[in-house]
Structures are given as C-alpha cells and as structure tokens.
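Undergrad: Sequence:
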Amino acid sequence: MAGFIRNSIGAKTSLLVSLISFIIFSALVSISSYMQRSSMMAELDKAMTTTSELVQLSIEKPMVVGNDAGTRDEFRFLSEKYKDMTIYLTNFKGNITYSTDSHTERKDLDAVVQNETLSGLAARALKVNTHESAMLEYAGGSHFVRVVSIPNASACHHCHGASQPILGQMVVMQDITPTVANIDFQLYENIAISLGGLLTLIAAVVFFIRRSVVRPLLHIANSSEEISKGNLNADLVVHSDDELGILSRNLGHMVDKLKTELGFSKGILDGMTTPALVVDTSCRISFTNPALLKLVGHSGNPADFVGQGVGEFMFNESGRETLSHQVLANRSSIVGHESTFTNRRGEQVTMVVDSSPIYDLDGKLIGAFTICTDMTEVRQQQALVQEQNKMITHAAHAAGQVSEQVSSASEELSAQIQQSSAGADEQRKLTADSAAAMTEMNASVLEVAQNASLAAESASEAQRQAMEGAKVVDAAVHKINTVAEQANMLKQEMGELGRQAQGIGQIITVIEDIADQTNLLALNAAIEAARAGEAGRGFAVVADEVRKLAEKTMSATREVVSFVGSIQDCAKRNVTATDRAVTLVGESTELASHSGQMLHTIVGMVESTADQVRAIATASEQQSAASEQISRSVEEINIISSETAQAMLQSANAVADLARLAQELNGIIEEMRRG
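Residue numbers (the working numbering): -11 to 663.
Worth flagging that the hints you see were computed from the coordinates, not collected in a lab.
In this text the structure is predicted, and so the values were computed from the model without any measurement.
Be aware that a few hints might be false.
Cut-off 25 Å, straight-line C-alpha distance, at most; resulting in silico cross-link-like pairs (SDA-like, lysine to any residue) [stated by the list, open to error]:
#1 K0 / D230
#2 K247 / P290
#3 K254 / G351
#4 K254 / E500
Produce the complete structure using the sequences and hints provided.
TA: Okay, here's the thing in structure tokens:
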C-alpha cells in the first residue's frame, strides 16, 4: 500500500486532499463547538447574572426589614416559578439559611451540593466579594452556577452587626441539561452535515484532480516512457487549454524538434560516404556505415554490428586495444594515424584514422567518433610512381651511356676529319708545287711523272681516310638513332607517369569534394542545433566534431594534392626535357647524315683526283709536249683540292656541332637524373 501511494501521484493527491480536508474539518468543528459553547456560556452567564440580580432584589426587601416569612415566600415563589432553578442563601459559615428546596435549609452547602468546583467558588465567595459563574456536572446533569457574595452593608448592621465583612452568599443553580443536549445535538448534526459535505467535497476534488490533472499527467508519463524507449511517435497531446495542455503541447513540440534534429543528425551520419564509426564509453559500436563495412570486409547491414566491440569488429580480436580505447582513456584526439592491416576478405588495406572524444552538454564523456580514410590506392599509386622513377633513372643512365658513346665517336670522327683535312692541304700544296714545276715539265717529264705518282698516292690515302670517316659517321648516326629510340621510350614512360599522377589528382578531388560536403553538412547541423536551443546541444557537439574532422581531412588532402602536384610538375619537366632531347637527337641525326653525305662526296672527289693524277702521269709519259694542257689540269686539281679542303672544314664543323649536341644531351640526362 505504501509503495502504491509512493509511486502514484493520484494516490498522493487524493491522500493529501483527504488529510488536508480532514484537518480543516476537524479544526472547523472544534472551533465551531468551542464558539458555540463559549457563546452559550456567555449567554447563560448573562442570563444567570440577570436572574441572580433579580432574585437578590426580590429577597433583599424582606430581608432588610427582618421579615423572615416574606423572605421564605419569595423563595417559595421562585421555586414554583422556575422549576429548573435552585437557589441557596447561606450565612458566612456556608450554612444554608434559605433555599428554594426547604429540605436543604440548615445544612451546609458542601453537604448538599457535593461538587469540588462549587465548593471552591463558595469558599472563595465567603472570603472576598465575588460574582462568578461556572458550569458543572452534578446529579447526572449539567448545571450552570452563579455564586454572588453578600457583603455586610450598613443597612444590615442592625441585625448582623459589623464584625463580618461578608454576611453570606447566594448560589443560583440552573439545570441546563436540555440546553446542553440540544447544543450537542446541533453540534452532532452540524458535524454530520459537515462530514457529508467534506466527503462530497473530497470526492469532487479527487474526481476533478484525477480527471483534470492525474489522467493527463498519467497520459504524459506513459507517452514520455514510450519516447524514452525510442518511440518518438508517441502521442503527448492533452486536449485542454490549461497548463497541462500547454505542457503537453510544448513537450510535443520538443519531441518534434528532437525528431527533426535526430533525423538531421542521422541523415548526416547515414549520408556520409567516408568510413565512420561511433562508440560508447565501453568502446562498443553505436553507429557505423556501409563504407566502413566495405573497408573492413564485412557483409550485412550496419545495424547488425551495433553493440559489438571495436577490436572484434576491426580485427576479429575482442580483447585488442584500438585507437578508440586510447581516445577514451586519454580524452584527447588522435589525428592522422596511418596503419595497414588485412581485412576480412584478405586484402591489404592502408588507412588514415582520425578519432576524437564526444562529450554531452554537461561535459560528460559519452563516446568517441572516428573517421577512416582509405589510402590504399594512393599508396599503390605512390609505389607505382617510385617504380616509374626507377625506370626513368635507368633510361637516363642508358641515355647517358649512349651520349658518352656519341661524344667519343664524334671526337674520333673529328680527329679523322682533321687528318683528312691535313692530307687535302698537303695535296693542295703538292698541286701548287706541280703547277710551279710545269714551267720545267718540258725539261724533266720524268720528274713530273714522279710528282704525279706521289699525288696519286696522296689521293689514294685521302680516299682511304674519307672512307674511314664515312664509316665513323654511319656508326654515329646508328648510335644517335639508338639515343632517339631511348628518348622516345623515356617520353612515353614520362607521359604514363603524368597520367598516373593525374589519376591520383582525380582521386584527391573526390576526397576534397567529400570533405567539403562533410564540412557543409556539419555547418548545417551546427546551425540547426543552435536553432533547437537546449534540445540540440548534444547534436551541436557531434556536428562540431564532424566539422573538425572534415577540416583535418581537407588539410591532409591539400598536402597530398601538393605532393601529387609536385610529381606532376616534375613529370611535365621531364617530358619537356625528353622532348628537347628527342629534338636535339633528331638534329644530331640530320647533321651526322649530312656529314656522311659530305664524306661520300669527298670520297668521290678523291677518286676523281686519283684518276686525274694517274691521267697526268700517263699524259706526262705520252705527251711531254702538251705542257699547256697539263697546266690547265694542274689548275683544276688545285681547285678540286681547295674544294676538298673546304668540304673537310665543313665536316669538321659538323662533327664539332655533333659533339656539342652530345654534351648537351648528356647535360639534359643529368638534369633528368637530378629531377
């Protein structure tokens, strides 16, 4: 019973109303009874005072003159007139001298009326002048007594002398039993009526309270219990315009706002494409999303994993400590932690984890929020870039070797061309000597023939040197073509590197879009939480933590973008340098081909010179007299020798340019190595 009263506001209210009503009723009845009795006593005292004064006046006249018979007649008249009244007149000793009951005369008042209250009043009235009244129970009834002292007045001295200040007392007793009974009846009647009214009032008040207060409160309590269990669609509305109706509507509005805020927050969490995880203070999952299930390698719905430990969820080890344990233990955020693990599908996964503690509006720790960024593909792209860099370094090394070979071949070709040029100069000098000796040819044809033979030998040697130079140039052209092929391969590899870096940039762009969207959603959540007031403070904390994690994700993404941009810039510079190397190699090929053509021309010229020298020798043997014709032939030989020397000089310049281009190619390759 006590438990029911303690747990029921209706029982408490009914009991409280009943107790208060009973206390008020008892107080009113007591006050009413007291006031009735006080009023009755005042009226009786007033009436008895008047009666005693009248009695005293009626008996005073015969007593003053000493008329004993007249005094007795007055008492007899009073006894007949007032049946409910008894009057005693005593002397100063308390002995009854006159009475409406003649049988009590000459007896002591205490013996006749045995009552302590009356005895006390009578004793006091004989000592001092007293006019007192009292109510007493006597002879089975209620009596009202008036005791009046009779002082020894001067008019009484002739009979009683002046020795006693109080001659006696008059005691007037009235039987008020019917009056008291009537008053008691009225009192009981009033109590019964008041009790009936009290019960009616209590029933009406309890009915009103239960109907207007308890029933709506019970409805609100039951609905709030449903809401506390998660049923936000419970009906809180009380159809009234009083405070309870306003309270129910306010609670309904609050629940609607909570539904809106919870729906907004749930929408943010459900709409996140980034793998996310929320745990309670026991490090058990209270929220996750499909993105994290996919990353970890789980199948099923996120709701299937609510309540599971983080260690068991992530690593299939229930007792394993995770970053969420550290965040809850240290109450501090962990940002940018990178780890690699094998998921449930056996795949190697690399992720960056950002985790922060979550507090309620009172600063109490309620859990932790974690965002996981999948960096597996980024790390794979980085490894691919490193492999491409190795390939570029290898190609640059091979191109450097080819460049060194081209430079060495160019130097050798330059030396041979210089040697051919020296032979051509020597030939020109010999031809000049032959021209000078033409004036003496008539004198010594044999000397001319010998000089012609020497010229033929020099031409043969020049032919041989020119043919060697042509072979060297052909080899240089072959090597330069090899360099061109390597440079083209390098260009293709650098282009592939640029495309891979561009792919990384596209992935980073997607991550930036996700982070921007998360930041925007968190900002909207914070605005809505601020509008919700106190009801939205919990969601403001979660939204603020989401916004901070999104900003950290954006910062990390910007760093990755910077690194990828550096890779792209380096790849572009390498592609540009490779294009320049290809261009220079092409120019070198053209120059080397031109040098080969010039050398072949030189060979033809040297062959023609040899034939002409041999013709000179034959002519000198056969036509010693044709000096004029020989002179012209020598002049032609001199011209051809000059042209040969000039062609050799051009070949030397071309070879020098080829050597310089080879050095430039080597410098470009070194720059690629450093880049």
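Undergrad: Could you run down the list of hints and mark each one as holding or not?
TA: Hint-by-hint comparison with the structure:
1. K0 / D230: 21 Å, holds
2. K247 / P290: 21 Å, holds
3. K254 / G351: 22 Å, holds
4. K254 / E500: With a Cα-Cα distance of about 22 Å, the restraint between K254 and E500 holds, given a limit of 25 Å.
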